[in-house]
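Single-letter residue listing:
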Amino acid sequence: MYDAGKIIVGLIIGIGLLLFPFYYNAGKAAKAPEPQLTPKAKEAKVCVAETSYMKTSHMHLLERWRQEVVRGGERYYTASNGKVYYKSVEETCLDCHSNKSKFCDQCHDYMRISPYCWDCHIAPKETK
Amino acid sequence: MDIDRRKFLKIAGLSAVMGIGGKAAFELLAPKELEASLREVPLTQGKKWGMVVNMAKMDDEIMKRCMEACNRVHNIPNFGDPRVEIKWIWEETYEHSFPGQEHEYIGEKYLGRNFLLMCNHCTDPPCCRVCPTGATWKREDGIVMMDWHRCIGCRFCMAGCPYGSRSFNWGDPRKAPKELNPDFPTNRDYPTRSKGVVEKCTFCDERIARGQIPACVEAANEIREGALVFGDLDDPDSDIRKVLRAHYSIRRKPELGTGPNVYYII
Amino acid sequence: MLDKALKGSATYWGWLLFLLAFIGVGFGCYLYQFSEGLRITGMSRDVSWGFYIGQFTYLVGVAASGVMVVLPYYIHNYKAFARITILGEFLAVSAIVMCGLFISVDLGYLPRVMNIILYPHPNSILFWDMIVLNVYLLLNIFIGWNVLSAERKGVHYPKWITPLIYISIPWAFSIHTVTAFLYAGLPGRHFWLTAIMAARFLASAFCSGPALLILLCFIVRKLSRFDPGKEQIRTLGGIVAYAMILNVFFFLLELFTAFYSRIPEHMHAIVYLFFGLEGHTRLVPWMWGATVFAVIALVLLIIPQLRRREGILAIACGSVIVATWIDKGLALVVGGFIPNPFDRIFEYWPTTPEVFISLGVYATGFFVLSVLYKIAVSVKEEVAA
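Protein chains in written order, with this note's numbering: chain Y, 1 to 128; chain C, 1001 to 1266; chain G, 2001 to 2385.
Any given hint might turn out to be false.
Restricting the straight-line Cα-Cα distance to at most 27 angstroms, the calculated cross-link-like pairs of lysine-lysine (DSS-like) are [said to hold, decoys possible]: (1) Y:K100 <-> C:K1175; (2) Y:K100 <-> C:K1178; (3) Y:K6 <-> G:K2222; (4) C:K1242 <-> Y:K125.
Chain C regions said to be covered by chain Y (calculated; three or more residues, Cβ under 8 angstroms) [claimed, not checked]: (5) 1144-1151; (6) 1175-1189.
Worth flagging that the hints you see were computed from the coordinates, not collected in a lab.
Even for Gly, the Cβ is constructed at its ideal location relative to N, Cα and C.
With these hints in hand, go ahead and build the complete structure from the sequences.
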């Protein structure tokens, strides 16, 4: 191998840079936040779908709603228990979960996700 | 109003329930009742929505109210700069609304008089034809709709629209000067738009879905009934059809074959 | 063969660094545009396409013109062009790269650009333009690269390349035809609503592209030991001459239809461009400048004795490029929007960031061009040696 020394040094530097985020953040693991429920949400007990489904797949549901409302003009959602909801993040979701910062943002921040919904849609003012 | 009195009362009742406490009212209804109640609302059942601007009944005050109502309901920012203005409903003089129609002997009654302009919701809309993503399309009820989630901002539709009815968000509407937009956003239940997408009048699709008439028509009616008539052009008994039967009307640039659905009674 | 691009003279590296500087400035300006929106450009609700789309249109023409060296060689067996087909193909590649970048910087919402593929709408000409341009790019990369590496090895290029070459010929016509259809099918934009638009585009492409290629051949000859050839350049000069005559002829046809019919909408944009309307005269000097350059180019090109002198041919080619660039890169797009649908006049002029972004795109294109030409010319030198 030509220039073995240079290559090995280069490799070490390269791998070191690659691993930088790991040792930079080592020992600083942040605790996963728990979404908090408002009294109204607690009282309702059920969301528009199963809690387990909502936990993992709320974004897919919202995306489907968005598609159905904007493109299909279908604005009402019938839940499995027969209840009808108006498909709207601001008017339906955030009506119960009026604590956006504690219910949504906290976890999104933790996951480094910034949904661009709020570039346009306006979250209702939070009552503290 | 494009609906008879009995139907109107039903709508008024329903929209009162929905308009204010929207979803709450719906939660009270079982699914079947909901469908039944919506079927009763003629405003959600249009086949070909259209508008008549009756200039015989229109005046500057009504036009101003119509524009204000639309701007408020749809969070339309004011940049204070005609180059980047967002216009859903706006006024323009006769000779610029109907270029080529003016002549040297025209009366002062028309020349320089403002007309109320908006998207024509064309029967064969060139904007929808040219859109590469389907972000704008013709709905079955005749509304030329916009999907602001899908628009890539190529502005082909703006080149395609012969009516100047499309506006591009050259900048972020939330960064519009505060002093010109003290209460922005004025309607928290309606989104603002992101920079880089095209927008336009949607005949208040969000209000029609709830059985409410478009905001501009509602505002005009408060001052004078019939200055703006909104309704289903497919229904021979609708008020809009009656008005069009009774009066001579013109449309903007009909020679282009786009089939504009906004009519002007001069 | 890529290694050829990594061994060059100080001039070569200096030139690339120079281009990189422009790319950097352009990229910085683009980041500014990306965060602030297109309001930092000179475009408005009335003139909603401007400099970017103008450059895009012009460069589609440059890309299409690659066919002017490919066609005579492969269809008419004009052997002399074998030496320079690769230059035409690589010019096409870099032109398409610039086209793609100009479209990208013009989009209001670039992160969503894949929506064109995710939600395809074949009724939109833009959808087809995306397809023909990308396929043309791939065709030229594949053909150019394979033919060049075969030449390097001293063998005939692989058989499967032949059908691609034949496809690439009508394909070149298609890219500029489809690009013309972007404009020529819009109701209410009378300046563009003309059946001869695609023909005009092709004529202007087939003079401006080969004119640029001739100038590039002169540069290659000066900077390397590879000579594209006297005969080759002379034949290209003939092509430029005929295409420029057609280009001007087609434009005169437009003038006849507009001014003999005297339909106001058909005349307005042309009057605006050459004389100004209601005191708005921003493009008037440019249009007369283009006219002067076009006349100079025609005189120098039509007289064979002049055209055959290489120094004069270079001047003629420069004039062709300037004239066609003003016509297509500046006036065509802007003119279509003036007057606006309300018969009102709002003018357009690019802003400084807009120009720097455009320069950045051009620098990127020339970077790609320089690297590709470096490879091609090195291979040619190697084969000759």
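Each hint tested on the structure:
1. Y:K100 <-> C:K1175: Holds, because 23 angstroms separates the two Cα atoms, which is no more than 27 angstroms.
2. Y:K100 <-> C:K1178: 25 angstroms, holds
3. Y:K6 <-> G:K2222: 39 angstroms, violated
4. C:K1242 <-> Y:K125: 46 angstroms, violated
5. 1144-1151: holds (count 4)
6. 1175-1189: holds (count 3)
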